[in-house]
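As a plain string of letters, each chain reads:
Protein chains: 2
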Amino acid sequence: MKPLNFYPGPSRVYDKVPEWTKEAFMKGILSINHRSNAFMNIYREVHFLLKTKLNIPQDYQIFYISSATEAWEIILQSLVQKETLHIFNGAFGEKWATYAEKIRDKANTQKLSFDYNTLPDFEKISHQVNPNTEIICLTHNETSNGSYLPEIFFQDLKQNFPKPLIIIDATSSMAGIDIAWQHIDIAFASIQKCFGLPAGMGIMVVSPKAIKKAQEIGENIRYNSFLNLLKHSQNFQTTHTPNILGIYLLLKSLEDVPNIQETEKRLRIQSKIFYSIFEQKRELSYLIENKTVQSPTVICVSGTENHIQEWKQKAKKQNIILGNGYNSWKSTSFRLANFPAIPKQEIELFKELILNTD
Amino acid sequence: MKPLNFYPGPSRVYDKVPEWTKEAFMKGILSINHRSNAFMNIYREVHFLLKTKLNIPQDYQIFYISSATEAWEIILQSLVQKETLHIFNGAFGEKWATYAEKIRDKANTQKLSFDYNTLPDFEKISHQVNPNTEIICLTHNETSNGSYLPEIFFQDLKQNFPKPLIIIDATSSMAGIDIAWQHIDIAFASIQKCFGLPAGMGIMVVSPKAIKKAQEIGENIRYNSFLNLLKHSQNFQTTHTPNILGIYLLLKSLEDVPNIQETEKRLRIQSKIFYSIFEQKRELSYLIENKTVQSPTVICVSGTENHIQEWKQKAKKQNIILGNGYNSWKSTSFRLANFPAIPKQEIELFKELILNTD
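Those protein sequence lines, which keep their order, are chains H and A. According to the working numbering, the residues represented by the first sequence are 1 to 358, in order. According to the working numbering, the residues represented by the second sequence are 1001 to 1358, in order.
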C-alpha cells in the first residue's frame, strides 16, 4: 500500500495525476511544440484558471519558472539596483537573504529577523530600515517552522512601507491560502506543495508595479531575466522549452479545485483535526503557539528528542510519512503538511492509526 | 487518433510514459523528499544507467538542470574567465554565442561560422582563433538545419586545440548518437528529444578536466553555479527540488533501451527510410547534402515555398505532424525527427501514408 504521506516537501499529489498524464499522452500534448497554438491555448487557459481560482487580479502577469529557488535569483537580478530588505523568522527566509548577499552586495542586503511566535513590530522596524530599500522580501509561510504571515501583517507593512515592492515566497501557501494580492507585488511558489503536483516547476505572479520597476531598471541580459519572462508570457509562451506536462497537470487540477477561499476554509477545518490529535499529549507541543501566526498548511509539532523519536516510530509502524524537523529543529520536531491534495479522510485515518499505535 | 509526430522539438515520447507515471505514483515516488535515501537511490541508479547505456566514462559527473538553455548559462558563468570561442553553422549555435556576448563580454566572445554543408577547415581557423580561448562551444547536432559534427571533426579539433574545454550542445543527439566522450569535456541535452520523454529537464555531463577548470576559477555564487551542482551531484542530490518524475521516467526509459551503439545503428537504418521517401521527388532536396555531416536524428527537407506547402498539406491530411523549417528556412523546408522513441513501423507508416496522398 502507498504510504500516507504528510511530508511538506514534495508531498501528496492528486490521485488523478496518472490519469491526467495518460490523457495528455493520448492527446499528443506531451509532444506538442512550445511555440505552437496548441501550447499557447493551454497557457492561456491555465492563466485564466489561476486568476479565477486563486483570485489573482486581472492586471497581474504569471510566469512559469523551474523552481522557487530560481525566483529568488530572478528577483534579485532584475528588480533591484541597490538596497534589499529581508525580514524573516526561519530557514527559508534566511536562505534567500544569504543568496542576496552572495549574488548582490552584502553591504546593501539588510536582514531583519523576528521571533517566529510573534509578528514584527513595525514601530521598531521602521527606524531600522534603510529608507532606500527597493524590495522587501518575506516568506509567506515558513515551511521550516510552520509559521505564517496573516493579512493584517501585510496591511501594516504596506502602510509603513508604501514604496518598495512587497515580495513573498509563497512556496507552501499559494493554492492553499488566499493571498491578499492587493498588498503583494510578487508571489512565487513551486507546484509540489499546495498545488498537489509532481515537483519540477514554479510559478511567479507579478503586479503592474513590479513590471514597471523591472522596465525602469531594464535588466534583460539573462534567459531568465524578468523582462524576457514578461515578453514571452505576454505571448502565452515561455523563454525556453518548459515542463509542458507540469503545465497540463496544473490545468487539469485547477479545473478540479474550488475557489481558493473554499480551499483555505477546508484546510483550516482539517488543521483542527491535526491539532486535536496532539493537544492532549502532554509530551508534545507546537513550535508555533501563537494562533495568529500558526500556518494552516504546515504544522510543526515539537517535543524532546526522545518523544519525537517515539512518535516517528509510531508513524513508521503504520506506514505514515511525517516530515522531519528542519535544521535546528531537526530532532526536536516533526512537520505535517496540510495541503489541499490531502483529503480529510486521510487525516482522519492518520488520527485513528496514530492514536491506536502503542 | 493520436497524430504521427515527427516534430524535432518536444517530440514523440515513449508509449510507456503514462504507465511509468502511474507506477511512480503508486510507489509514492511523486511525493518523496529530494533529500531522502529513496531519492538518492534513484539518482544513483540513473547515474549508473546513463553511464552504462550512453558509454559515458566512469570519471565523468552528471548534473540535472532545467533545460539546455540553462546549460548555456551555467557554462558561461562558471567555466570561463575571459575568452570564449563559438564555432557554429546554424541558429542554435548562434543563439548560444549571442547569449555569451550578452552575459559576458562582447569583445571576448569570438564567433566563427561555417557553411552547414562542410566541416570547418582547421588550417584556416587556427590562425583566426584567439590563442587564449578557454572554452570552445559547439552544437553537436544543429536541430535548425539537420547538420551534425562527426567524430573525425572532434579528433581534429582536439589535436588543433588541446588546451580549451570542448563543450557541445547535444540537445538533439545525446541518447541518439554515440558521443565520442574522449574528445568532449561537457555535453548537455534536454530530455524531450532523443530521450523520448516529456519536456522539462536537462542533463549535463562533465569531464574531470571541466571539473578542474571550474575549481580553478572557483565561481560559486549562484544556485546553478557549476561547483554547487557538482557538490550536490557527488551526494546524489540536486541543488533544489528537481523534476523527480522526469528523473524517474529517465530511469525507466534507460532500463528499456539498448546500448547507444545499437540505438545509433537503428536510427541510421531508419533515416534511410526517410531519405528513400524524398529521394525520387525532384521538387525536393535536402538542406544537408554532404553525407558526412547529415544528421542521423534530424532530417531537413527543402524545396520551394510552394512545394514545401504542398507536402505539409499532404501530411496534415494524414494527421502527420512535421517540424516547421527554422528561422530563415521557415517556409522553404520542413524537418523530421528520427529520434529513438519513434518506432520503425511509424516511419514505414509515414512512408505509406505520405506516398499515397494526392
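The set of hints was computed from the structure by calculation and includes no laboratory data. Each residue gets a CB set at the ideal place from its N, CA and C atoms; glycine is no exception. Any given hint might turn out to be false.
[Unchecked claim] Partial list, derived from the structure: chain H residues whose beta carbon lies under 7 Å from chain A:
(1) N5
(2) G9
(3) K22
(4) I62
(5) S66
(6) A107
(7) Q110
(8) Q237
(9) I273
(10) Y275
(11) F278
(12) Q280
[As the list claims (entries may be wrong)] SDA-like mimics (lysine to any residue), calculated; alpha carbons at most 20 Å apart, straight line:
(13) K1016/A with M26/H
(14) K22/H with K1106/A
(15) K1106/A with K231/H
For the hint on K22/H, does the least C-beta distance to chain A fall short of 7 Å?
At about 4 Å, which falls below the 7 Å cut-off, the nearest Cβ of chain A leaves the hint on K22/H intact, so it holds.
Can we keep the Q110/H interface hint, with Cβ of chain A closer than 7 Å?
19 Å, violated
Using Cβ atoms only, decide whether S66/H comes closer than 7 Å to chain A, and label the hint accordingly.
4 Å, holds
Interface hint compliance - N5/H to chain A, C-beta minimum distance less than 7 Å
5 Å, holds
When the nearest CB of chain A is found for G9/H, is that gap smaller than 7 Å?
4 Å, holds
Hey, does the I62/H contact hint survive, CB to chain A under 7 Å?
17 Å, violated
Mind checking the CB of F278/H against every CB in chain A and telling me if the closest is under 7 Å?
Violated. Min distance 22 Å.
Should the interface hint for I273/H be scored as holding, given a Cβ-Cβ cut-off of 7 Å against chain A?
20 Å, violated
Cut-off 7 Å, beta-carbon criterion: hint that A107/H touches chain A
15 Å, violated
Evaluation of the interface hint that places Y275/H against chain A, nearest CB under 7 Å:
The hint is violated - Y275/H has no Cβ within 7 Å of chain A, the shortest such distance being about 23 Å.
Would the hint on Q237/H be counted as holding, given a Cβ-Cβ threshold of 7 Å to chain A?
The hint is violated - Q237/H has no Cβ within 7 Å of chain A, the shortest such distance being about 13 Å.
May I ask you to test the interface hint for Q280/H with respect to chain A, counting a Cβ-Cβ separation under 7 Å as satisfied?
29 Å, violated
Violation of the numbered hints given earlier is confined to hints 4, 6, 7, 8, 9, 10, 11, 12, 14, 15; the remaining hints are satisfied by the structure.
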